[in-house]
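Go ahead and model the full structure; you've got the sequences and the hints to work with.
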Amino acid sequence: VSTNRDPKGPSFKTNESPIHVQADRIDYIFKDSKEVAVCTGNAVFHQAADSVSADRIEIYGKGENKAFCYKNVKILNTTNDMHISGEYAEYFKKERYAKVTESPVLRVPKDKVVIHARVMERFLDDEKAIATGDVDIVKGTNLRGTGQRAVYTVTNRVLELTGEPVLYRDGDRYAANTI
Numbered sequence: 001v002s003t004n005r006d007p008k009g010p011s012f013k014t015n016e017s018p019i020h021v022q023a024d025r026i027d028y029i030f031k032d033s034k035e036v037a038v039c040t041g042n043a044v045f046h047q048a049a050d051s052v053s054a055d056r057i058e059i060y061g062k063g064e065n066k067a068f069c070y071k072n073v074k075i076l077n078t079t080n081d082m083h084i085s086g087e088y089a090e091y092f093k094k095e096r097y098a099k100v101t102e103s104p105v106l107r108v109p110k111d112k113v114v115i116h117a118r119v120m121e122r123f124l125d126d127e128k129a130i131a132t133g134d135v136d137i138v139k140g141t142n143l144r145g146t147g148q149r150a151v152y153t154v155t156n157r158v159l160e161l162t163g164e165p166v167l168y169r170d171g172d173r174y175a176a177n178t179i
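Mapping of the sequence shown onto our numbering: position 13 corresponds to residue 13, and the numbering continues sequentially without gaps.
Calculated from the structure, these hints are not laboratory results. It cannot be assumed that every hint is accurate.
Derived lysine-lysine pairs resembling PhoX-like cross-links, with alpha carbons at most 25 Å apart [what the hints assert, rightly or not]:
{"no.": "1", "residue 1": "94", "residue 2": "66"}
{"no.": "2", "residue 1": "128", "residue 2": "34"}
{"no.": "3", "residue 1": "112", "residue 2": "139"}
{"no.": "4", "residue 1": "94", "residue 2": "110"}
In structure tokens, the structure reads:
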């Protein structure tokens, strides 16, 4: 089952971009002046270069413009090749913000970066991702960093690690206020 609004146009960054939704099953619920599309089984919504997939996605309309995603969540941007996965996510269209909890992982294959944390946030207007809580970063085969907060800026591909950050490289250990 799918509901098709032309997926071409700008990415999630703009509210004008149409959304394409598909799933094995889509139930539309209209209650108390609220609209909810409950998508189950191979649920995906696309908006230009961005897509979100999960086992179950609940999309709230009528002014709420938010989505809750459950199990096997994947957020992908094909423009910057950034992947965020986890077991639960919240997406807020108006704020252009996504938050992934329950085992979140950020992958940037171009940069060979993998970040694990307790919470992963994606700010679409600022083109950045923020990892907080027990952050663990691996870049390539010889670089690893730990700390409490990491900010990855998509446009200039800079990663900043704070919160008692430590960097390990080729057997050496580096510590500072900010890395």
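Consistency of the hints with the structure:
1. For a cut-off of 25 Å, the pair hint linking residue 94 to residue 66 stands: about 8 Å separates their Cα positions.
2. For the hint pairing residue 128 with residue 34, the CA-to-CA distance comes to about 31 Å; that exceeds 25 Å, so the pair is violated.
3. Distance restraint check for residue 112 and residue 139: the Cα-Cα separation of roughly 5 Å lies within the 25 Å cut-off, and the hinted pair is therefore satisfied.
4. About 29 Å separates the Cα atoms of residue 94 and residue 110, which puts this hinted pair outside 25 Å; it is violated.
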